[in-house]
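Asker: Construct the complete structure from the given sequences, taking the supplied hints into account.
Next come the chains, spelled out residue by residue.
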Amino acid sequence: MSKSNQVLEEITSKEYEHGWTVNLEADEAPKGLSEDIVRFISAKKNEPEWLLEWRLKAFRQWQKMVEPKWPNVTYPAINYQDIIYYSAPKQKVKPTSLEEVDPELIKTFEKLGISLTEQKRLTGVAVDAVIDSVSVATTFKEKLSELGIIFCSFSEAVKEHPELVKKYLGSVVPMTDNYFAALNSAVFSDGSFCYIPKGVRCPMELSTYFRINAANTGQFERTLIVADEGSYVSYLEGCTAPMRDENQLHAAVVELYTMKGAEIKYSTVQNWYPGDKQGKGGIYNFVTKRGLCAGDHSKISWTQVETGSAITWKYPSCVLKGDYSVGEFYSVAVTNNYQQADTGTKMIHIGKNTRSRIVSKGISAGKSQNSYRGQVHVMKRAANARNHSQCDSLLMGDQCGAHTFPYIDVENNSARIEHEATTSKIGEDQIFYCLQRGIDEESAVALIVNGYAKEVLNQLPMEFAVEAQKLLALTLEGSVG
Amino acid sequence: MSTSIARDLTSEIIEAQKSLTAEAELRTEALAQLKKIGLPDSKQEEYRFTPVTRHLEKNFNWNKSTPESNLSSIADYLLPGLDANVVVLVNGRFNPLLSKVVSLESEITILRLSDALLKNPIAKAHFNNYLQNETDAFAAWNTAAWQEGVFIHVPESTSVNKPVFILQLHDASAEQVVSQTRLLAVIEKGSTVSVIEKSDSIGNEVVFHNFAEEWVVKDDAHLEYCKIQNDAGKICQVSNSVIHQTTSSKLNTFTLTLNGQLIRNNLRILIDGENCESHFYGLYLLNGNTLADNHTVVDHKKPNSFSNEMYKGIMDGNSKGVFNGKIYVRPHAQKTNAFQSNRNIIISDHATINTKPQLEIWADDVKCSHGCTSGQLDEEALFYLRSRGIAEANAKAMLLYAFAAEVLEPIQNETLKLYLDQLIADRLQKNF
Amino acid sequence: MLSIKNLQAKIGEKQILNGIDLQVNAGEVHAIMGPNGSGKSTLASVLSGREDYEVSGGEVYFLGKDLLELSPEDRAREGIFMAFQYPVEIPGVSTINFMKTALNQIREYRGQQALDAVSFLQLMKEKMKLVEIDQSLLNRSLNEGFSGGEKKRNEIFQMAMLEPKLAILDETDSGLDIDALRIVANGVNKLRTKNNATIVVTHYQRLLDYIVPDYVHVLYKGKIVKSGSKELALELEAKGYDWIKSEATVA
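Protein chains in written order, with numbering that gives the first Met the number 0: chain U, 0 to 480; chain W, 0 to 431; chain L, 0 to 250.
Bear in mind the hints are in silico, worked out from the structure with no lab data behind them. Treat each hint with caution, since some may be false.
Chain U stretches covered by chain W per the calculated footprint, using a threshold of three residues with CB under 8 Å from any CB of chain W [as the list claims (entries may be wrong)]:
id: 1; region: 304 to 317
id: 2; region: 391 to 400
No more than 35 Å apart at the CA atoms, straight line, and that leaves these computed lysine-lysine pairs for DSBU-like [what the hints assert, rightly or not]:
id: 3; chain 1: W; residue 1: 334; chain 2: L; residue 2: 13
id: 4; chain 1: W; residue 1: 57; chain 2: U; residue 2: 424
id: 5; chain 1: U; residue 1: 345; chain 2: W; residue 2: 300
id: 6; chain 1: L; residue 1: 9; chain 2: W; residue 2: 334
id: 7; chain 1: U; residue 1: 345; chain 2: W; residue 2: 366
id: 8; chain 1: W; residue 1: 300; chain 2: L; residue 2: 9
id: 9; chain 1: U; residue 1: 453; chain 2: L; residue 2: 164
id: 10; chain 1: L; residue 1: 13; chain 2: W; residue 2: 366
id: 11; chain 1: W; residue 1: 42; chain 2: U; residue 2: 56
id: 12; chain 1: U; residue 1: 276; chain 2: W; residue 2: 57
id: 13; chain 1: W; residue 1: 57; chain 2: U; residue 2: 379
id: 14; chain 1: U; residue 1: 424; chain 2: W; residue 2: 366
id: 15; chain 1: W; residue 1: 325; chain 2: U; residue 2: 366
id: 16; chain 1: W; residue 1: 334; chain 2: U; residue 2: 366
id: 17; chain 1: L; residue 1: 220; chain 2: W; residue 2: 334
id: 18; chain 1: L; residue 1: 9; chain 2: U; residue 2: 469
id: 19; chain 1: W; residue 1: 301; chain 2: L; residue 2: 13
id: 20; chain 1: W; residue 1: 366; chain 2: U; residue 2: 68
id: 21; chain 1: L; residue 1: 99; chain 2: U; residue 2: 469
id: 22; chain 1: W; residue 1: 188; chain 2: L; residue 2: 13
Glycine residues also receive a C-beta, built at the ideal position from the N, C-alpha and C atoms.
Answerer: Structure below.
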């Protein structure tokens with residue numbers, strides 16, 4: 000197996016391709032966290048009094064809370080006073096059109112393959128670009144507004160649509176839900192807001208692209224998507240960060256709210272900097288994502304491809320409150336080198352005839368640890384709830400670990416819950432079959448891994464699927480167990 | 000978390016220690032460990048659904064001593080037709096009148112544990128080597144305060160003809176009973192033995208039974224071990240069983256839980272040799288307010304072994320089923336095959352199941368899987384039976400029986416199998 | 000084309016091939032027959048480069064190149080195709096995607112341009128017709144849930160796509176009913192030219208009714224103990240392998 004090890008060696012030495020930085024002049028808060036910093040952030044953004052109060056309340060709660068210790072990950076204690084909580088690329092005024100956006104910024108995103116120039120953009124995707132937690136540009140806004148769709152930065156939403164923000168902010172993830180959600184609620188700097196009005200099917204994919212640029216900063220963005228009755232939207236989220244030796248904290252909150260008959264499809268390709276081969280640096284990705292199926296017959300579907308971050312701690316969840324509501328979670332999580340991922344989902348069945356489906360594919364290589372943690376909870380009232388979960392793990396090499404922690408709690412006797420999990424490796428006979436057809440070992444592994452993850456990749460919108468496949472191949476090319 | 004009963008307990012345990020001299024040093028050490036870790040509250044992951052400590056706090060007076068029982072016959076509690084070595088403990092005390100050893104001395108040694116620790120070097124060598132006193136409060140408590148126990152030793156290359164039947168009775172007809180008992184069994188190389196443990200109780204007062212077991216199954220040995228928990232009344236039982244297996248040994252265990260108020264079983268199988276085989280099966284048929292919690296661990300430390308777990312549950316009334324099955328495959332335990340299945344049927348509106356099948360794998364060339372379901376009876380099958388003229392109640396019982404009886408398959412002792420089969424059939428017929 | 004001299008191979012400590020000599024020229028079809036455990040499949044595996052077997056002696060030249068020095072994928076790229084006895088299942092990878100990857104890597108090795116999607120599909124359609132395979136099968140995950148016959152037909156389809164110089168059919172008839180056998184054999188026959196060669200490894204004669212060999216070799220205890228024309232196969236069919244065994248033992 001010396002050859003396999005050699006290949007493994009090669010792929011583990013692969014460099015992170017988005018690891019560059021640009022010199023963007025930034026407007027930063029001083030290091031550390033206090034009520035003053037919370038006030039500073041709120042003031043920077045000219046926020047209304049109610050939002051400042053909301054932040055302060057969250058901050059005071061956060062101070063009383065302790066960091067969760069239950070995830071299957073280890074990392075040195077985070078010094079919350081050593082982080083910059085606000086960093087914005089310096090722009091004289093908020094640009095009203097793309098011509099006013101700093102060309103350096105546009106270039107930054109172009110380097111990432113994200114064009115902010117609408118003409119160059121493939122039609123069908125509108126982008127909100129967020130750098131160091133501040134939205135720098137949103138495309139296709141006018142076109143969307145003709146349909147009554149609101150798609151803008153969070154700060155803008157606070158100004159333009161305060162009634163909506165006030166109503167739904169924290170309605171799915173309460174400010175004190177958990178340690179990192181409380182932290183985010185206190186210091187979030189920006190993010191995306193989206194509202195799809197009654198009966199409107201959003202004609203294009205909406206997308207937010209997150210980029211951490213500045214050093215020593217944490218990224219705390221917040222996304223809120225509200226789908227009114229009978230509406231539909233597909234939302235994409237992508238992210239990268241520069242290579243830095245120190246760990247950077249990313250604690251985001253995403254809230255999805257669907258009313259009667261509405262559907263939100265939320266896809267993530269997470270490619271934050273994972274740290275180097277020795278496990279130095281990388282993003283701590285501690286994210287709270289939750290969707291509330293508030294109305295009957297509503298649906299929320301999460302798809303995630305997780306390849307980046309030094310540590311991932313996230314459980315995109317669905318609260319199935321409306322009768323006949325549907326929750327889905329499709330996930331591919333890849334860990335390599337010293338990466339650690341503890342990720343999964345919660346499906347909380349509250350309404351009658353609610354259904355959920357979980358497909359999780361974990362891939363561990365190098366010295367990484369990959370955990371699936373999930374809960375299916377059928378509450379007393381949730382008659383005829385259905386769940387099917389499939390959690391597979393693939394191990395490459397004998398120095399990594401795969402862990403499965405599914406919690407199944409059933410309080411209603413008409414529920415039908417099925418959970419299956421398997422662990423496997425890439426078969427040597429599968430590799431040989433490919434070799435015999437003239438395919439080299441690296442491509443063979445990429446082929447097999449993509450096949451393994453296909454059920455999840457198929458859920459991604461076309462354009463994203465290609466990117467995700469490339470990313471998988473890049474992270475794991477040629478690793479053989 | 001340390002809780003308030005810890006203080007009361009300490010005096011209780013120290014009181015107990017005065018009369019119990021065996022392994023006094025270990026007892027003191029274990030007491031210190033218990034004080035350090037405290038009894039688990041519901042915030043602890045392993046006891047999230049099983050409030051043993053709260054139950055003990057609410058229902059027991061730790062200054063009371065446990066009464067003697069004047070029970071004279073155990074006929075009602077035996078397995079009909081089972082010709083076995085019988086060991087009887089009543090309220091945690093050894094009852095020599097009701098016990099009898101029928102196997103030859105050359106085949107098997109069965110002793111009171113307190114005696115064995117004084118004169119048997121094998122017992123001394125293995126005692127307390129396998130329990131996790133540092134992390135498990137109930138194990139530590141048992142080590143500090145065990146009253147009596149059983150020692151079983153099977154010499155090399157011996158097939159013990161007659162099974163060992165250990166009956167633990169709790170007579171709570173007059174007063175509350177607290178009993179701490181213990182078992183140590185060493186099955187030497189190439190030997191075979193079958194052990195049946197049964198617990199029953201009498202009376203309506205509360206019982207707390209803390210039972211700790213250490214099993215050593217050496218190379219090429221084969222242990223069949225069956226636990227029948229059929230306590231009536233208000234028993235709270237915590238049972239810690241650790242089974243240590245080495246090369247090419249074979250294990251079959253079966254745990255049947257029928258009654259009791261709060262039952263917690265920790266079954267821990269350490270596979271510490273290659274080519275081992277472990278089958279562990281369980282069935283919990285619950286009703287009333289019974290809470291039965293099975294926590295199992297199979298720890299594959301060496302390569303090339305096989306483990307297969309199947310636990311099934313049927314919950315009726317206000318009962319609660321809890322299951323947690325951990326499969327660990329340690330680094331370098333390559334070519335491990337480990338399978339686990341937990342299937343549940345909830346009958347009533349008020350019964351619940353909390354299940355957590357858990358895989359933790361650190362080796363790549365392994366085959367592991369778990370499956371877990373919760374549901375109702377298959378409507379199609381029910382309809383099919385009814386369309387052939389079978390009454391709904393009978394049809395349900397038939398289907399439930401079919402669901403449950405699968406776990407009996409691996410049991411080899413026919414008398415035992417027949418008894419269990421009848422027990423299950425009666426139970427299902429009566430209740431549904 | 001293929002020249003095997005005194006080839007010896009073992010798996011672990013167990014010697015399986017005890018000095019094989021075989022000469023295969025372009026345009027020829029060779030059948031390797033023999034009782035179970037004689038080393039037939041080992042020979043096929045060694046030629047395709049499976050790492051489980053250790054070559055302990057002898058040499059193999061393919062088109063002038065030392066075959067034993069080449070990696071399995073390079074052997075494939077040089078033009079060796081193995082139709083597996085038990086084709087492996089690869090979940091989630093469609094045959095189409097698989098073939099496209101293989102074909103283009105082979106083309107790259109030979110310094111040819113990669114095929115674009117259109118020409119690839121065209122080529123595929125053509126070959127599909129040739130081996131009578133249905134498109135729906137090729138859209139599915141590679142061999143996953145395929146019947147025995149479907150798997151074998153898929154092997155022949157891949158052979159048609161890759162146009163090897165030397166095809167090794169390892170027990171291709173096992174698990175096939177007579178109709179499937181005919182379809183598979185037809186495919187193989189259509190692919191025969193004077194420039195390529197085929198080695199058919201089989202236990203039974205019946206496949207050779209459809210794929211008529213120029214030479215038949217009988218393998219026993221890791222050695223070729225008898226070679227002859229196609230009549231030898233008929234003789235084996237009639238008499239079984241026992242007379243070969245006794246003859247070999249006497250010798």
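Asker: Given the hinted pair residue 99(L) and residue 469(U), is their alpha-carbon gap at most 35 Å?
Answerer: The hint holds at about 17 Å.
Asker: Can you confirm whether the C-alpha distance between residue 9(L) and residue 469(U) stays at or below 35 Å?
Answerer: violated (40 Å)
Asker: Holds or violated: residue 345(U) and residue 366(W), Cα atoms, limit 35 Å.
Answerer: holds (27 Å)
Asker: Against the 35 Å threshold, does the CA-CA distance of residue 453(U) and residue 164(L) hold or violate the hint?
Answerer: holds (34 Å)
Asker: What's the verdict on residue 57(W) and residue 424(U), does the C-alpha distance respect the 35 Å limit or exceed it?
Answerer: At roughly 50 Å apart (the allowed maximum being 35 Å), residue 424(U) and residue 57(W) break the hint.
Asker: Does residue 334(W) pair with residue 366(U) here, judged by a C-alpha cut-off of 35 Å?
Answerer: holds (20 Å)
Asker: Holds or violated: residue 220(L) and residue 334(W), Cα atoms, limit 35 Å.
Answerer: holds (31 Å)
Asker: For the pair supplied as a hint, residue 301(W) and residue 13(L), confirm whether the alpha-carbon distance does not exceed 35 Å.
Answerer: OK: residue 301(W) and residue 13(L) at ~27 Å, within 35 Å.
Asker: Given the hint that residue 42(W) pairs with residue 56(U), does the C-alpha gap stay at or below 35 Å?
Answerer: holds (26 Å)
Asker: Would the pair residue 13(L) and residue 366(W) pass a check requiring their Cα atoms to be no farther apart than 35 Å?
Answerer: With Cα atoms ~27 Å apart, residue 13(L) and residue 366(W) stay inside 35 Å; holds.
Asker: Does the alpha-carbon distance linking residue 276(U) and residue 57(W) stay inside the 35 Å limit?
Answerer: Violated, because 55 Å separates the two Cα atoms, which is more than 35 Å.
Asker: Is residue 300(W) within 35 Å of residue 9(L), Cα to Cα?
Answerer: Distance ~32 Å between residue 300(W) and residue 9(L) Cα, so the pair holds.
Violated hints, listed in ascending order, are 1, 4, 12 and 18; each of the other numbered hints is respected by the structure.
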